Amino acid sequence: MSLLTLKDATIRFGGLVAVNKVNFEIETGDLFGLIGPNGAGKTTCFNLITGVYTPTSGHILFNGRPIGGTPPNKIAKLGICRTFQNIRLFGALSCLENVMVGAYLRHRTGLWTALSDIPPAIKETRALKEEAMRLLEVVNLEDVANARSADLSYGSQRRLEIARAMATQPKLLLLDEPAAGMNPQEKAELMETVRRIRDDHQKTVLLIEHDMRFVMGLCEKIVVLDHGEEIASGPPDAIRNDPKVIAAYLGEAV
Amino acid sequence: MFWISRLGSILGALLFCFLLDKVTGGLSDFSSRLVVLAGLYVTLSVSLNLINGITGQFSMGHAAFYQVGAYTAGYLSVTYFSKAHLPGFLWIVLMMIVAAIGAALAGLIVGLPSLRLKGDYLAIVTLGFGEIIRIVVQNQPSIGGAYGMNVQPKFPQLFASTGTHGVWLVWLLAILCIAVCRNLLKNVHGLPFLAVREDEIASSAMGVNVTGVKVTAFLIGSAFAGAAGALLAHYEGFLSPTMFTMELSFIVLTMVVLGGTGSITGSTLAAIVLFYLPEKLRDLPPVPVSFLVGAVIGAVGIVVFLKKTIDNYHGSSSQKTVRMILGTATGIVVAAALGFVLKVIPTIGHAAPVEAAKLRMVIFAVTLIFLMLLRPQGVFAHHEFSWSWVKKLLGKKDVPTTAVST
Ligand SMILES: Nc1ncnc2c1ncn2[C@@H]1O[C@H](COP(=O)(O)OP(=O)(O)OP(=O)(O)O)[C@@H](O)[C@H]1O
Ligand SMILES: [Mg+2]
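One line per chain: the protein sequences are P and G, in this order. First residue of the first sequence: 0, per numbering that gives the first Met the number 0; consecutive thereafter. First residue of the second sequence: 0, per numbering that gives the first Met the number 0; consecutive thereafter.
Note that these hints are calculated values from the structure, not bench results. A couple of the hints might just be wrong.
Below, computed lysine-lysine pairings styled on DSS-like, alpha-carbon distance capped at 25 Å [to be verified]: (1) G:Lys342 / G:Lys319; (2) P:Lys76 / P:Lys128; (3) P:Lys6 / P:Lys186; (4) P:Lys243 / P:Lys220; (5) G:Lys21 / G:Lys279; (6) G:Lys153 / G:Lys21; (7) P:Lys76 / P:Lys122; (8) P:Lys186 / P:Lys220; (9) G:Lys117 / P:Lys73; (10) P:Lys186 / P:Lys170; (11) P:Lys76 / P:Lys186; (12) G:Lys342 / P:Lys128; (13) G:Lys357 / P:Lys76; (14) G:Lys185 / P:Lys128; (15) P:Lys122 / G:Lys185.
The structure presented is a predicted model; accordingly, all values stated were derived computationally and were not measured.
Based on the provided sequences and hints, a complete structural model is requested.
And the structure:
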């Protein structure tokens, strides 16, 4: 059974069909790419999977269980977490605190223990903090753990978003244009990080990205959307040479 | 070790409250009244800070929760105290709990719009809710309507058997409210509240139950305001809807904003200072017109200079501080000098002295404007008082300043 299945997933905004009968399956351990021109419906796909929108028709299955229309916070608990294309960090909080918000999902002590500040809550806070610190190391942000996240550089903010999502310990990690705004050096490092997240941390990764070298170099399977419709899917080599993809998105030079 | 230090803090808080009670017992009625009201304002401002500053839900109806608590407790006391045969101070504690529950229910209702509305819209709706509650009370003859309601028993009777004045309970509530908020922020459980303030969409994507967080903030915040209301009812012995107008909500909101939204330390200190400032200004002596003119010119000069220094001066922070202190001192000297010099002008020199006490609300308002000009993020911004922060101020060593990491 595949980890995530989209079956004819469709969403309509008034007259616009942003995602139209999209089908794909992601297996555990995949490094999966979702590409397509601007406005193709990639981010909307993420919003469908993470419960921001409810599909107008069709099904989304996670571990064989239908999850379409489940609220975002429950989706996170089920094991799907995402980053945002337009960075959405908790600006006034420190990097460490941002990651701890992700880790909070696994808290066990009740609110009363926290309000009375007794050892179980204190211990838990300490444990989650250490865990968050380790995740900051994964994305090389341990040096700025106590800096305000809004003060970070663009590239660092994108990596912090990844660490924050990782802190929820998802089975499936969704990355929306993780390399946008990064320089080539940062991109190379990020590729390494994403690969390590899959290999060492055993995450399944679905990512959206416009940088073709990044996607082709990283992903093993790719789905291409255009105007909400799936126009191709397969391994990078097949996608690179697919005439429909070249016409709609890649152009000649890739 | 943990429990010893915890016991120490609790004993310390109790000791502080009882000492305060002893000291204020010797003061005039007017002074001890100010101490009680200041304690209630601290509770109001810190509890509103939880809703407004920490969770970021712009609520402007805090007076309504205070009122619901006050009337709940007042009504129950008038009706049942004589039948209950409970010791006075147990009764008042019971009333605080009941009032807290009553106000929390109101908080739940007022909190519901926050699930759909944000920012200004939520502010308007909470303001409306506050007014609705006040006007409903005003039209209920059974609780006194617009005439108000006498509440029996009052503090002296309630606390007679304990040999205290009851001031301790007022401040104990304030300290409890501060402790609860601080504990929340100190543990990982406080982070979802801050996260909701920063970005609701990202919060829910991280598994935070945004609805739950907002409702919890409103519940806790309004419960404390309600408990404070119960104390007010029995301290004053009289309740009327005019005690819970929008103006009160605004003053409490000002305390939160001025102290630095989100900062518990800020809300506490701002509540005390803003409450005492207009009261203390009543004692100002009459001043000659020349000195008044000098003070105005001096104050404007100082503020302009400080603002310029803050915005444009690129020196080390210690140089900046020295510059600001020197500038302020110069301003004061110039103001005083002007006071003497201007006397020479006959129309000013011979004018009758102005009663500064009459200008107290003007001075209050101008102080607020100046503070907001100089420090729009509030005096404490997001910072909290902590011993490591004191060490940092004294220049000992660099320590992290965020809530969780200290
Ligand atoms: N809430 C919404 N209401 C109406 N239209 C929407 C909504 N969300 C997305 N759309 C539309 O759906 C289409 C797909 O948008 P989407 O953000 O998914 O594109 P994308 O593939 O992520 O593009 P990009 O590469 O620019 O990020 C766009 O035309 C967009 O305007
Ligand atoms: Mg997009």
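Hint check:
{"no.": "1", "hint": "G:Lys342 / G:Lys319", "result": "35 Å, violated"}
{"no.": "2", "hint": "P:Lys76 / P:Lys128", "result": "19 Å, holds"}
{"no.": "3", "hint": "P:Lys6 / P:Lys186", "result": "33 Å, violated"}
{"no.": "4", "hint": "P:Lys243 / P:Lys220", "result": "17 Å, holds"}
{"no.": "5", "hint": "G:Lys21 / G:Lys279", "result": "22 Å, holds"}
{"no.": "6", "hint": "G:Lys153 / G:Lys21", "result": "19 Å, holds"}
{"no.": "7", "hint": "P:Lys76 / P:Lys122", "result": "22 Å, holds"}
{"no.": "8", "hint": "P:Lys186 / P:Lys220", "result": "20 Å, holds"}
{"no.": "9", "hint": "G:Lys117 / P:Lys73", "result": "23 Å, holds"}
{"no.": "10", "hint": "P:Lys186 / P:Lys170", "result": "24 Å, holds"}
{"no.": "11", "hint": "P:Lys76 / P:Lys186", "result": "30 Å, violated"}
{"no.": "12", "hint": "G:Lys342 / P:Lys128", "result": "65 Å, violated"}
{"no.": "13", "hint": "G:Lys357 / P:Lys76", "result": "61 Å, violated"}
{"no.": "14", "hint": "G:Lys185 / P:Lys128", "result": "12 Å, holds"}
{"no.": "15", "hint": "P:Lys122 / G:Lys185", "result": "12 Å, holds"}
Checked against the numbered hints given earlier, this structure breaks hints 1, 3, 11, 12 and 13; the rest are met.
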